[in-house]
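Trainee: The chain contents come next:
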Amino acid sequence: MSRVEIRVTITSDQDIVLARQKGRSLALELGFSSGDATLIATAISELARNIVSYARRGEIVVKDVQGSSRVGIAVTASDNGPGILDVGQALRDGFSTSGSLGLGLPGVRRLMDEFEIFSKPGQGTKVMVKKWRP
Amino acid sequence: MAKRDESSELLRELVAHLRQNRTQLREEWVGRISETRLLTAMTKEEIFAEATSVYDSYVEALETETFEALQAYARNLSERIIPRGVETHEVVGIVLLLRDVLARSLFAKYQTDFKKLNRILDAYEPAANRIANTVAVGFVQERERVIRQQQEAIRELSTPVLQVRERLLILPIIGVIDPQRARQLTEQLLRGIRTNRAKVVVIDITGVAAMDVTVANHLVQTVEASRLLGATVIVTGLSPEIAQTLVTIGVDLGKMNTVGDLQGGIEQAERLLGYKVMALAEPN
Amino acid sequence: MEVPILKQGQVLIATFQAALSDADLNQLRSALVQQVVRFRSRGVIVDVTAMDVMDSFASRTLREIAHMIRLRGAETVIVGIQPEVAFAMVQLGLTLEGVATALDLEEGLAYLNQKFKTMK
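Residue numbers (my numbering), protein chains in the order written: chain A, 11 to 144; chain B, 833 to 1116; chain C, 1133 to 1252.
The hints are simulated quantities; they were obtained by calculation from the structure and are not laboratory data.
Owing to the predicted nature of the structure, the values given are computational and were not obtained by experimental measurement.
For every residue, glycine included, the Cβ atom is placed at its ideal position computed from N, Cα and C.
Some hints could be false.
[Stated by the list, open to error] Below, computed lysine to any residue pairings styled on SDA-like, alpha-carbon distance capped at 25 Å:
#1 C:Lys1249 <-> B:Gly1106
#2 A:Lys140 <-> B:Ala883
#3 B:Lys1087 <-> C:Thr1193
#4 B:Lys1087 <-> A:Arg120
#5 B:Lys1087 <-> C:Glu1207
#6 A:Lys140 <-> C:Gly1225
#7 B:Lys1087 <-> C:Lys1139
#8 A:Lys140 <-> B:Lys1087
#9 A:Lys32 <-> C:Thr1181
#10 B:Lys1108 <-> C:Gln1246
#11 C:Lys1247 <-> B:Arg999
#12 C:Lys1249 <-> C:Gly1225
#13 B:Lys1108 <-> C:Glu1239
[As the list claims (entries may be wrong)] One-sided and incomplete, this derived list gives chain B residues near chain C with beta-carbon spacing under 8 Å:
#14 Leu843
#15 Val847
#16 Arg851
#17 Arg864
#18 Glu900
#19 Thr1018
#20 Arg1029
#21 Gln1053
#22 Glu1056
#23 Ala1057
#24 Arg1059
#25 Leu1060
#26 Gly1062
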């Protein structure tokens, strides 16, 4: 269904910058306002940062979503890292946002319209988020 | 394939019939429109003129079996009649009336040949329904477009960012705040802070009817985002009821600088900006 | 990518470019603290006008810079946060609490001068 797809392998902090820059240009290409593109780029930055901090290695995929009457952007962050022990806790505000752990998942959820997470200890983490063009 | 050819041929015959009897059928249709008291916002002449174009577009759509021209016409018609207050049921109503008038004329023409009538109706009905659909959808879409446009205009109007003094902005919020409006309001304010180089912003929420936790959080976020741009926010007009609600649901009012009313807020803003406002001395 | 640090009287000015990696940010943090000590600066302005994304790491680094510099007896002010970036930051819950902010370089300098006056 989607027409464009960008894949960025995340292995270092340099890749975080690359992923969010590519995500922003795709968002603008799809007609998102620059304000929305900033929200999307920030979400990508956080998701890529989680990969670097917890799994060391993973991938960010950004692509368009063509709904029946709307256009959106989907970002998937996946890794084979240690996974999240308590997903519910990781999604609660205040959990590790100020400390050295920077999950920031509740923040990402606020930046985007849709949010899904799959994670099991030892089996990696996959976060899928979407934002629709108003 | 054969079936399709037959249907096309029947449609051709049908179109010829509708062209031949154009004047009479159109009159009959206009009569039915005024009988059923549709399009009351329009004059007789206007109705007749529009009916003529609709009739011709209708026949053309039947003849060409393409609906693009009709779609464009429906949009154009809607654009003209929506400002006159024509309602959806009226537009749908007149197209259905035309469908019926034409069907009746077919009954009359083929009453002796029942088989043929059936085949003609087989060809006519799907096309007629599609035409009715096209016009109705076109009208509704145009109406939605107009409503969206109006909503946007209202939103813009309802959140004016006013500069009352150099470096001082006032944002009076009136009415209901939904997340979309809250966001627009914040973006507008942040841009306003930048372009006016504002240092203090007074957000007056006297006109906000109710505030739930979502809206309150938006307000807190607006205050925080403004500070990131170097501007101090003073919130005024927080009613005791709303304040009570906010405290009960756990919104941190400590992050907000609140002053009872707009006047007090402006006075505090002026103090922050280093203005001293005093009454002129009375002459002796 | 190294962040240039400009010395202007008692104030150091660091100007961020758009695409700073975590390593660049860490490098800037140590460089700033070192230079504050070396030049006995009283104020630091971090200009982030060019930054189009401020995520949790960047924002945490800015806070750390401000706190470390305060321990050295100097003041920090962050200037130039773009409206869109500010909006994204608060959505993410990043509010730079306890760190001074100003609209732009000019405002930042005015803020510091005011501070120096009252500190005397």
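Trainee: Give a verdict on every hint.
Mentor: We went through each hint and held it up to the structure:
no. : hint                    : verdict
1   : C:Lys1249 <-> B:Gly1106 : 16 Å, holds
2   : A:Lys140 <-> B:Ala883   : 47 Å, violated
3   : B:Lys1087 <-> C:Thr1193 : 23 Å, holds
4   : B:Lys1087 <-> A:Arg120  : 20 Å, holds
5   : B:Lys1087 <-> C:Glu1207 : 22 Å, holds
6   : A:Lys140 <-> C:Gly1225  : 19 Å, holds
7   : B:Lys1087 <-> C:Lys1139 : 35 Å, violated
8   : A:Lys140 <-> B:Lys1087  : 31 Å, violated
9   : A:Lys32 <-> C:Thr1181   : 20 Å, holds
10  : B:Lys1108 <-> C:Gln1246 : 19 Å, holds
11  : C:Lys1247 <-> B:Arg999  : 20 Å, holds
12  : C:Lys1249 <-> C:Gly1225 : 33 Å, violated
13  : B:Lys1108 <-> C:Glu1239 : 21 Å, holds
14  : Leu843                  : 56 Å, violated
15  : Val847                  : 57 Å, violated
16  : Arg851                  : 60 Å, violated
17  : Arg864                  : 56 Å, violated
18  : Glu900                  : 40 Å, violated
19  : Thr1018                 : 6 Å, holds
20  : Arg1029                 : 6 Å, holds
21  : Gln1053                 : 4 Å, holds
22  : Glu1056                 : 5 Å, holds
23  : Ala1057                 : 4 Å, holds
24  : Arg1059                 : 6 Å, holds
25  : Leu1060                 : 4 Å, holds
26  : Gly1062                 : 4 Å, holds
When the structure is compared with the earlier hints, violations turn up for hints 2, 7, 8, 12, 14, 15, 16, 17 and 18 and for no others.
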